[in-house]
Amino acid sequence: MRHTQRGFSLVEIMVGLVIGMLSMLVVLQFFTNAEARKRTTTGGADAQTAGAIALYMLERDTKMAGWGMEMNGFSGCERLFTYCDGRNAACGGGAEGPLSGLTFAPVLIRDGANGAPDKIAVQYFSDPDVSTFKLPSNAKLRDTMPQSSAVLEVNTTNGCRENELMLVSQAGSCTLMNITQVLETSLKLQHNPGKSGPYNPTINYQRDNGWPAYTTGARVSCFKGAANSPVFKREYSVKSNVRQLVRSDNTKTPAVVDELVMADIVDLQAQYGVANDGMQDVAAWVDATGDWAATTPARWRRIKAVRVAMVARSSQYEKAATGQSCSATRTTDVANWSSWATFRTNAYPSDWGCYRYKVFETVIPLRNVIWGIL
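Reminder that position 62 of the sequence shown reads as 61 in numbering that gives the first Met the number 0, one-by-one numbering, no gaps.
Derived by calculation from the structure, the hints in this document are not laboratory data. Computed from a predicted structure; not experimentally measured. It is possible that some hints are incorrect.
As the list claims (entries may be wrong) - In silico BS3-like links for lysine-lysine, alpha-carbon gap of 25 Å or less:
(1) K357 <-> K118
(2) K223 <-> K194
(3) K139 <-> K223
(4) K303 <-> K62
(5) K251 <-> K223
(6) K62 <-> K118
(7) K62 <-> K232
(8) K357 <-> K238
Based on the sequences and whatever the hints tell you, model everything.
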């Protein structure tokens, strides 16, 4: 018996190839859509995680604002007299003269101009990395201090140590100086100028710049400052060009500048929560502009809280619909990002609308200020 073997004809092969290619296209299209959705979901989750961690770090440090601050000693400084010899890194170096920008405000907000992110500086009066702190002493002058004097006669030297700082205050005037020697037996604190006293001016400088002389009963507070500043400070800011939340920290030795806290953070807006004089409840929220651009003692005593709005961005680029721009599809959403903050996307990159965003808000009470009953 003869058996005839037959294969596929050319037409059958071509039809099979077409069917296989169509099936492959359908599978690839499905896989591409599924992968895009996965990347979008993953990118949104990454933004959620980045924003949550960044806000936690900022909130933790801000809650401690004023750590180690004995309120009565610093809050009455309406006129602050300071000096840096310009040679010693311990007081910032640079030109001889007053310490630039020194304030005893527990928290400072610097408003970002033209839509730029705000900056938040948190100040401490004891090392925040140490779980215990030494309260400033409660010494008082027991004799009038001549303006040219390099020694203070006090009623006690308890809590005062050499190479630390002291703040003399009376009737709204405050003078910051180094303690160069503690004479416990005679109850005296020396504040000589020179290498060991970079905050101590010469007699001529005091006279020429109207430094005050203090009388019997003036308060003397002794405390330890940071390595390069009278106060410990951590400042949070956003580097918009690389989308990073960074922190400068002088509580470390040497001080850290622009330490990365979290990536993919694009904006930070903040406001002061201020109370009426003598009260503790927040009565109004204000931007750090106008009268609140510089917090005088009368103003920073009223700051009881800070509220923050932070924007995190996913790393996944998403194309806009055909015939539309990315920004056009997102502009209407920006107004709803926050219940109070205003975000100006003109400061963002031109393709800002091609990404997904997560916005975080919180209110941070300044517990050390509130407990201090300022």
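These are the hints, each one checked on the structure:
Among the hinted pairs, K357 with K118 is consistent with the structure: their alpha-carbon atoms are about 19 Å apart, no more than 25 Å. Using a Cα cut-off of 25 Å, the hinted pair K223 and K194 holds, with the two alpha carbons roughly 17 Å apart. Annotation: proposed proximity of K139 to K223 holds, straight-line Cα distance about 18 Å (limit 25 Å). For the proposed pair K303 and K62, the alpha carbon gap of about 11 Å is at most 25 Å, so the pair holds.
A hinted pair counts as satisfied when its Cα atoms are at most 25 Å apart, and K251 with K223 qualifies at roughly 14 Å. For a cut-off of 25 Å, the pair hint linking K62 to K118 stands: about 16 Å separates their Cα positions. Distance hint between K62 and K232 is fulfilled; the C-alpha atoms sit about 13 Å from each other, no more than 25 Å. Taken as a hint, the K357 and K238 pair is honoured in the structure, with Cα atoms around 18 Å apart against an allowance of 25 Å.
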